[in-house]
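Q: Construct the entire structure; sequences and hints are all you get.
Next come the chains, spelled out residue by residue.
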Amino acid sequence: MAVSAPETNRVDLGGVSVEVTERGRGRPVLFLHPGHPAGRVDPNARVLELLAENARVIAPTHPGFGMDQAPRHLTTVDDLAYLYLDLMEAMALRDCAVVGVSLGGWIAAEIAVKTTERISRLVLANSVGIKPGDRETRDIADIFAMTDKQLGEIAYADPAKMMPNTKTLPESDLVMMARSREATGRYAWTPFMHNPKLKQRLNRIRIPTLVLWGEADRIAKPDYGQALAAAIPGARFNTITGAGHFPHLEQPEAFARSVSEFLQETGR
Amino acid sequence: MRVFQFTEQPYPDAWNDHNGSLRVNLPNRKLDPKHAADLFERYYDEWQLADELGLDIMLNEHHATATCMSAAVVVGMSVLARITKRARLLVLGYPIANRPDPLRAAEELAMIDVISRGRLEMGFVRGVPQEVPIANMNPVFQSDRFWEAHDFIMKALTSHDEPFNWESENFNYRHVNVWPRCYQQPHPPVWSTTGSTQTAIKLGGYGYVMATLGTGYDTRRLYDAYRKGYTQKFGTAAPADRFGYLGFVAIGHTEAEARRRGELIATYPRSSAIVFAPFRNPPGYLSMEDNVRMLKGEGKPRSYTKDGRVIEMAKGSVQDLIDAGVLFCGTPDQVYDQIKDFVGHCGGMGNLLMMGHAGPMSHEDTVENLTIFAKEVYPRLKELRQPDPIAIAAE
Chain A
1 MAVSAPETNR
11 VDLGGVSVEV
21 TERGRGRPVL
31 FLHPGHPAGR
41 VDPNARVLEL
51 LAENARVIAP
61 THPGFGMDQA
71 PRHLTTVDDL
81 AYLYLDLMEA
91 MALRDCAVVG
101 VSLGGWIAAE
111 IAVKTTERIS
121 RLVLANSVGI
131 KPGDRETRDI
141 ADIFAMTDKQ
151 LGEIAYADPA
161 KMMPNTKTLP
171 ESDLVMMARS
181 REATGRYAWT
191 PFMHNPKLKQ
201 RLNRIRIPTL
211 VLWGEADRIA
221 KPDYGQALAA
231 AIPGARFNTI
241 TGAGHFPHLE
251 QPEAFARSVS
261 EFLQETGR
Chain B
1 MRVFQFTEQP
11 YPDAWNDHNG
21 SLRVNLPNRK
31 LDPKHAADLF
41 ERYYDEWQLA
51 DELGLDIMLN
61 EHHATATCMS
71 AAVVVGMSVL
81 ARITKRARLL
91 VLGYPIANRP
101 DPLRAAEELA
111 MIDVISRGRL
121 EMGFVRGVPQ
131 EVPIANMNPV
141 FQSDRFWEAH
151 DFIMKALTSH
161 DEPFNWESEN
171 FNYRHVNVWP
181 RCYQQPHPPV
191 WSTTGSTQTA
201 IKLGGYGYVM
211 ATLGTGYDTR
221 RLYDAYRKGY
231 TQKFGTAAPA
241 DRFGYLGFVA
251 IGHTEAEARR
261 RGELIATYPR
271 SSAIVFAPFR
281 NPPGYLSMED
291 NVRMLKGEGK
301 PRSYTKDGRV
311 IEMAKGSVQD
321 LIDAGVLFCG
331 TPDQVYDQIK
341 DFVGHCGGMG
351 NLLMMGHAGP
361 MSHEDTVENL
371 TIFAKEVYPR
381 LKELRQPDPI
391 AIAAE
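First to last, the sequence lines map onto chains A and B. Per this note's numbering, the very first residue in the first sequence carries number 1; after that it's consecutive. Per this note's numbering, the very first residue in the second sequence carries number 1; after that it's consecutive.
In short, the hints are calculated from the structure, not lab data. Because the structure is a prediction, the values reported are computed rather than measured. Some hints here could point you the wrong way.
Which bits of chain B does chain A cover? Going by a derived footprint, with three or more residues having C-beta under 8 Å, they are [as the list claims (entries may be wrong)]:
id: 1; segment: 133 to 142
id: 2; segment: 279 to 293
Taking lysine to aspartate or glutamate and the DMTMM-like style, the derived pairs with C-alpha atoms no more than 20 Å apart in a straight line are [as the list claims (entries may be wrong)]:
id: 3; chain 1: A; residue 1: 167; chain 2: B; residue 2: 108
id: 4; chain 1: B; residue 1: 306; chain 2: B; residue 2: 218
id: 5; chain 1: B; residue 1: 296; chain 2: A; residue 2: 171
id: 6; chain 1: A; residue 1: 149; chain 2: B; residue 2: 290
id: 7; chain 1: A; residue 1: 167; chain 2: B; residue 2: 218
id: 8; chain 1: A; residue 1: 149; chain 2: B; residue 2: 298
id: 9; chain 1: B; residue 1: 296; chain 2: A; residue 2: 261
For each residue, glycine too, the CB sits at the ideal point set by N, CA and C.
A: In structure tokens, the structure reads:
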């Protein structure tokens with residue numbers, strides 16, 4: 001069955017105008033995109049098309065990513081979590097599955113520890129947000145302290161295939177990339193890619209949760225994912241082969257299949 | 001014109017074995033503390049000489065680098081407050097957006113001003129990008145934090161009747177009350193630096209002294225932006241003493257001697273840029289346009305010669321640096337003529353921040369460089385007639 005074309009609109013949330021792409025019909029899936037070196041998900045991305053075969057996919061662009069300026073007061077992932085609680089309320093979503101990748105997974109976890117009133121399933125893919133190791137362990141690679149080439153090599157299972165040639169990309173794509181990098185710094189510079197309070201709060205999540213991990217990820221390695229899953233009561237942990245930190249881009253079929261199977265198996 | 005002697009107090013012995021980065025990630029094992037002590041001893045002797053020669057003094061700070069051992073500018077200033085007699089003591093600068101505690105900064109500055117009996121000049125700077133990974137304060141909000149720290153420090157230094165409260169997202173204090181208060185009232189002169197015309201307009205509105213570094217024959221654009229902001233605020237033309245310029249100086253009795261010293265001074269721009277590239281681009285520090293240029297693999301133009309040629313400071317020859325007005329080099333007559341010409345380009349420039357020592361320049365060379373300059377060039381610069389600010393503002 002052909003999936004309807006994506007529609008991108010703007011939603012006003014208390015004075016913050018958020019770009020939101022919608023695709024497909026059915027129960028809602030809120031898809032939260034990662035940060036640098038990926039970023040905003042293209043409305044025509046394969047992963048959204050696949051997820052939309054069984055669901056109404058709602059994919060906002062975090063303020064500061066894409067072409068949107070972030071308002072000055074949005075400075076933390078916590079702020080984004082409240083923004084998307086507002087979005088779910090504004091769209092009157094119920095029984096929503098929240099799927100987040102990397103930075104998006106962190107936002108999803110921050111939403112879920114506040115309230116799961118509108119959420120029934122949670123998927124955290126290669127999600128950052130906690131600090132499992134001790135103070136001298138660098139749990140998450142310092143993505144701002146390496147070249148683009150070095151970053152590509154730890155971000156992807158197949159860097160040669162996934163890394164864009166920035167010397168030939170159109171200017172608009174380069175602007176988007178530069179904006180993604182800046183916005184990631186905005187929300188995640190320090191404490192680096194995590195909230196020291198989040199790990200203790202994860203036990204508040206009592207909805208079925210899947211922690212999904214591109215097994216070639218060397219930004220946050222699979223044992224980081226296992227530590228994340230262990231902190232959430234009853235969470236499952238699955239890996240995706242042939243994918244690194246951004247499985248939704250590198251293996252969109254396997255990613256969408258894992259999400260859909262999890263939603264079906266948990267009776268949704 | 002006033003002249004401030006400046007050196008970064010380098011540790012050049014580590015410059016030959018750095019694996020592509022002299023900053024942030026160069027292991028400190030490459031520094032021998034006993035040799036560092038010898039270098040500091042020498043550098044402080046040279047500051048004292050500058051004081052005796054009638055020069056003023058400028059100090060800065062950088063972190064985790066073999067290019068500059070001054071990691072805490074107030075430490076050096078504290079020493080100089082006691083061992084010098086007359087020189088003005090310019091901190092340029094204090095990277096206040098990278099410090100979590102601006103109250104501490106205000107207290108340090110006030111103490112130095114009192115101990116030196118009012119010789120402090122306080123420069124607040126945003127700092128170069130490679131300072132960000134060390135400070136680890138969010139670079140995206142650095143500019144906001146800079147101006148808030150500035151507002152706070154100025155209020156802290158000028159409030160004398162009762163403690164005040166300051167509670168914001170960046171800084172939280174409930175009892176601000178700086179003891180001792182500044183010797184100079186209402187506060188020591190304020191300086192800052194910039195490479196952006198927008199900031200220059202803002203600095204003009206404050207009337208602070210604005211300094212630029214390495215801007216060569218592109219300096220006028222920034223000065224004119226400052227002039228605009230100054231005139232808008234004060235209704236009069238900005239005098240030459242509102243402008244500072246960091247220029248390298250290599251002087252000799254003969255041109256050959258001067259050129260030899262010029263090569264030594266040129267080790268500063270050649271080493272200063274050696275840093276692992278990602279540390280120079282923390283998110284939010286450079287503009288979107290600069291980032292896009294870098295993604296395309298294009299470099300950033302640096303300095304301009306009088307005839308519009310672009311010079312990359314890190315690679316330019318001594319002659320290139322002279323042509324760009326970055327280095328003043330030659331016999332006393334030549335150096336005077338070069339500076340005079342540059343002042344003309346600027347439409348007035350009243351403070352030369354003279355890098356009179358750099359890299360592996362020996363103590364003997366440094367003493368000669370400072371002494372010849374102070375005795376044979378400085379007196380003429382003091383007499384140099386600056387362009388008429390009103391005529392310049394009207395241009």
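Q: Each of the hints needs a verdict: does it hold here or not?
A: Comparing the hints with the structure gives:
no.	hint	in the structure
1	133 to 142	holds (count 7)
2	279 to 293	holds (count 7)
3	A/167 to B/108	violated, 48 Å
4	B/306 to B/218	holds, 8 Å
5	B/296 to A/171	holds, 9 Å
6	A/149 to B/290	holds, 19 Å
7	A/167 to B/218	violated, 29 Å
8	A/149 to B/298	holds, 16 Å
9	B/296 to A/261	violated, 42 Å
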